[in-house]
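Protein chains in written order, with the working numbering: chain A, 1 to 248; chain B, 1 to 248; chain C, 1 to 248; chain D, 1 to 248; chain E, 1 to 248; chain F, 1 to 248.
For the record, the hints were derived by calculation from the structure and aren't laboratory data.
Incorrect hints may have been included.
Intra- or inter-copy, both count: the list cannot distinguish identical chains.
Stated by the list, open to error - Taking lysine to aspartate or glutamate and the EDC-like style, the derived pairs with C-alpha atoms no more than 20 Å apart in a straight line are: (1) Lys60 - Glu113; (2) Lys60 - Glu190; (3) Lys86 - Glu21; (4) Lys152 - Asp107.
Because the structure is a prediction, the values reported are computed rather than measured.
6 protein chains.
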Amino acid sequence: MTELVRADGRAADQLRPITIERGWSSHAEGSALISFGGTKVLCTASFTNGVPRWLVGKGKGWITAEYAMLPRATNSRNDRESVKGKIGGRTHEISRLIGRALRAVVDTKALGENTIVIDCDVLQADGGTRTAAITGAYVALADAIEWGRAKKFIGQKATPLLDSVAAVSVGIVDGEPLLDLAYVEDVRAETDMNVVVTGRGLFVEVQGTAEGAPFDKRELDALLELGVNGCAALRGHQLAALEPVASE
Amino acid sequence: MTELVRADGRAADQLRPITIERGWSSHAEGSALISFGGTKVLCTASFTNGVPRWLVGKGKGWITAEYAMLPRATNSRNDRESVKGKIGGRTHEISRLIGRALRAVVDTKALGENTIVIDCDVLQADGGTRTAAITGAYVALADAIEWGRAKKFIGQKATPLLDSVAAVSVGIVDGEPLLDLAYVEDVRAETDMNVVVTGRGLFVEVQGTAEGAPFDKRELDALLELGVNGCAALRGHQLAALEPVASE
Amino acid sequence: MTELVRADGRAADQLRPITIERGWSSHAEGSALISFGGTKVLCTASFTNGVPRWLVGKGKGWITAEYAMLPRATNSRNDRESVKGKIGGRTHEISRLIGRALRAVVDTKALGENTIVIDCDVLQADGGTRTAAITGAYVALADAIEWGRAKKFIGQKATPLLDSVAAVSVGIVDGEPLLDLAYVEDVRAETDMNVVVTGRGLFVEVQGTAEGAPFDKRELDALLELGVNGCAALRGHQLAALEPVASE
Amino acid sequence: MTELVRADGRAADQLRPITIERGWSSHAEGSALISFGGTKVLCTASFTNGVPRWLVGKGKGWITAEYAMLPRATNSRNDRESVKGKIGGRTHEISRLIGRALRAVVDTKALGENTIVIDCDVLQADGGTRTAAITGAYVALADAIEWGRAKKFIGQKATPLLDSVAAVSVGIVDGEPLLDLAYVEDVRAETDMNVVVTGRGLFVEVQGTAEGAPFDKRELDALLELGVNGCAALRGHQLAALEPVASE
Amino acid sequence: MTELVRADGRAADQLRPITIERGWSSHAEGSALISFGGTKVLCTASFTNGVPRWLVGKGKGWITAEYAMLPRATNSRNDRESVKGKIGGRTHEISRLIGRALRAVVDTKALGENTIVIDCDVLQADGGTRTAAITGAYVALADAIEWGRAKKFIGQKATPLLDSVAAVSVGIVDGEPLLDLAYVEDVRAETDMNVVVTGRGLFVEVQGTAEGAPFDKRELDALLELGVNGCAALRGHQLAALEPVASE
Amino acid sequence: MTELVRADGRAADQLRPITIERGWSSHAEGSALISFGGTKVLCTASFTNGVPRWLVGKGKGWITAEYAMLPRATNSRNDRESVKGKIGGRTHEISRLIGRALRAVVDTKALGENTIVIDCDVLQADGGTRTAAITGAYVALADAIEWGRAKKFIGQKATPLLDSVAAVSVGIVDGEPLLDLAYVEDVRAETDMNVVVTGRGLFVEVQGTAEGAPFDKRELDALLELGVNGCAALRGHQLAALEPVASE
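Just need the whole structure built from these sequences, with the hints factored in.
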């Protein structure tokens, strides 16, 4: 797409190295340690029978997510939210985004009256933590659903997963649309966008923000295209990570 | 745009009745009681000299916003966040959105080392509270900046306001893209989007969420067009409300 | 009573202009936007079936109240209690006062096992916010009880309201007893008293505090007389606001 | 005054047995363990140089108070406010009352830029804890002021204490006005009043509440007379407790 | 054991004067005001039927403890934890220690489905508050169990108390092992240890911490010996305080 | 020492497999991902210039620690302390233990006015998390001190580290003293002890608790011997992990 050489030598439309260590946790019903370059997020999915009180008896399941960052995941240490006694706005916002993204690809009726809690803990941050979290959380979720099926908490013919979902950040840096911003790029971006896309290429969430100058429709379209393509590539990584399950 | 008749008889691309009572508060440096149909938001702008500690000595001002809802603004009563002792994720998220939207049209250097705190309190809610808040907050902000200039806290030649900003919700209901959703429409929307647009027609924020089915690029484009046009109409209301200032 | 001319030209025993916009809120079962001069309080009454757990099965209803102030209701901005994460002593104290005042004129047995929550939110403050809150809350309460009767949650022959209730502040400024203190008078008062009186002229609450010098019995009596008369005048405003109901 | 025999055999206008153990704490600059019958309150006064930030440089001192109850001070155990993570409305209200009562008899200019924090901890409760707290706190305060004078933090000729202050509860039980209500009387009272009176017999605070039926002026007057006389008797106990100081 | 003369003239292996005022509280089912020299702790035991939800139906009782300090128990005033809105680490740690110590000598099956909450409130602190708390709490606990037996909430043949328990601090000051450190000794101690011992001389808890230099096995043994002997002496005080019960 | 075969086949005096990934974090000044069998703890050391206010100007540094657990580190999910809004007693207690253990081997004068914050986050728990945390934290601390020296924040001749420190759990299971308890052993232990020992073999902390029956001196001695030997073996792992530094 462009000749620009990025700090780490990537092309404008190139993802950072992606790794997904599926099953990292020996306790959780599903888990993945995902890395987008220097960003490392541990995603676990905890399966429990039953649903929150407001859902009881409706024949539906529930999926919720919590996002957090270790205090020294970043370049300088941040105080723990548990010590401050309250959760910051950014944390809340990202937790809600992850939950919405996953619920968008789940048929909660097919899930039955079961709850899956997704925890995304950023062990190391280098930009794009929320998009790595969503992408890894999908892998953990898929395994937790398989676990529920194996335990017969989910009907054998039920297919709670309607599609896969992945997310990536895109942004305009020095007038150039770039895929999967690292932290040094993110702080310089004029416009920053997170795109959540299903395996079929449909949008679940589009969140674009002018950090510097407002942006026009042409720029928006360029970013969306980059994002859709990036999510398609991430879907490949997800499928590869989940492959052994497919063969079972 | 469409033949669909909405609950309140509006056309698909029509705003609800918009009123802006500028200067509602006798204490605040700027204020507006804005209504988008049954949604009523009191926006005040509080001007103070000085900036938060982390900005001191950088020759820049600061703009921040807080959003809240009265407990009985909605159809059934919600517990107060002050009583619960913590602010919910939704409140945090909207407060951050309002702050970003306003900062996007302010030259903080021209503002000088002054802080403007915007409070948006929803007195009555009927859908679109965050977009009404942004639209009304701009009016309060403009007056607070004029106040600062009159008091010589802001240089006489400085023009901290780079542009105006307004916001509106759009969404797809029964397959139809609609402008400025009332609550009964909002709960039925398959896709819900908030669009924040400057007076010049550039995007400051685009937040689209698939509440039901994921959406495609064509739907996204239709929503964006509705939103840009709606914000242009809201800009007319803002200009009318602020007119006396222009004549001073 | 006296020749003294007050800042706003009132006589010592004269109320500020009183307005009561009954039914301001389209959602609440009862509501009133009341103003005592520059003091504006939005009072809503939320009716729900059932009572708190500790009252279940006793055949009685419950009435409780919460008072709060918007951050820029006052001359300089106050931090939100929701942001501070705790409710201040003054807020608690006034909430409790409002609840007691209303319960004093309600026969909770006649109310049946229903709960009415009163919210008094100060939109603008200029002295006497707690007394305006009680006076407006009575109007909201009366409508909520009518609503409950119309919905048959309250027996058709039951008369939960035993009397009306209103409140007013009185104080000694420069040795002179004054009725309904505005903020500029309140800060100068040597003695400050809030008087809550029923429509029949009986006391529900008397709270007098020496802010400057302690006071004697003669001064106390003068203040009480002013307060009783002020509440009688406020009762007239309440009756006028509620008139249409009486005619239904 | 009356023939009524109370649960503990007292006359209607008789205080419970009053004891004041001055200097109970070996650490505090002033302290008193006061009992009004079964109500026992440990009052300490902590003297420190300097004042809160908002008072610095105004040449005035500051007096503040905090009231609390041990969890098993009452007949059944209450959860600790530290465990609940917030202070209840009643605690706040009483702390504020005690602080106002003491400030009313102190010339804060004569105190110099010093702060005295009064802690009133109820070790055992049997009605009237707030009035016992005020009465005991005065003794602790007097000693802390003497301590400050001895240490030359307060000028040798300064007389920060303008008067003494004491408090007592009064109430109407079965139509009869009674002095110094014990818990069993308090719960049956139709009207409950706390009266704070200076040594010279002037009112600092009058807080009367109709718990049952509203009350009239005649009842109010009877309660005030009982309260003034009760406080005069309490002043005698305070003087006796402080006597050694007078002789120094 | 040693010639060293301590600040208060005690021998190295000598306790401070110990007093136990059993039944100090008229409300609690068991209580003791214990003093170890200048350290005074009010211990109450509150007996209630039933157990926490997680224990229901297991045929076992529950014992838990809370420790706290009055703000002016110490030489300079500490802010209240209720005002700070959270409980400090030290408070939590000591509460947990007291609970474990008491549970170690109770047969919770014999207790039946009853809960005893122990409150240990430090009225005055001079070192060793947690050990005084445990020692006094045992007395309060023993009486609460007797109360439960008298009320038939505990079976007449059940013996929930398996043994007594006491605690004492020991430490190395200037190279010398000392028993029952007063505050001035505690701050100078190189090693500080709390020992909780049953009436039969067995260990329930051993917590040794190098405050200055790390310590070796020989020093550890010397401290343990001192502690075991100190607890034996404390057991004598407990038995004496409880004597009337034994005779019933 | 014994013939007993443990669940994982270890001898009674054998550690689980120990791994230390030094430098796991790319941001922290020192870090180690340590595992004791299935227990995995990420330890980071954050170096900053300056000290807390209460230490300023005393020529000393400060070391503090915070311990936390990811919600799904355990077999069933625990709520986040940040969500609950308060830190539990266990977390506080362990954080304080880790801080004390590290400070015991640091000469804070040699550290200069610098602060090192240690974060120990349990990614997966299988018993002994606090002892793994201390053992790994020492490695992170050593590297952070080297970093401070390289940056000249610490004097070139200063030797802040006086010794190394490691920790291990020991306990009596079925009457048998065992080293380094896994979770399944820990829940069955009659006595549980954590031992913190320096490289020279001296005790920094000994915390023994009777979970079931109280223990005697002979059992205590057996546990201490196991613990001292276990810590000596852990010291070997620490030295191996830190080796490259030694060779620089």
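query = What hints, given by number in increasing order, does this structure fail?
reply = 3
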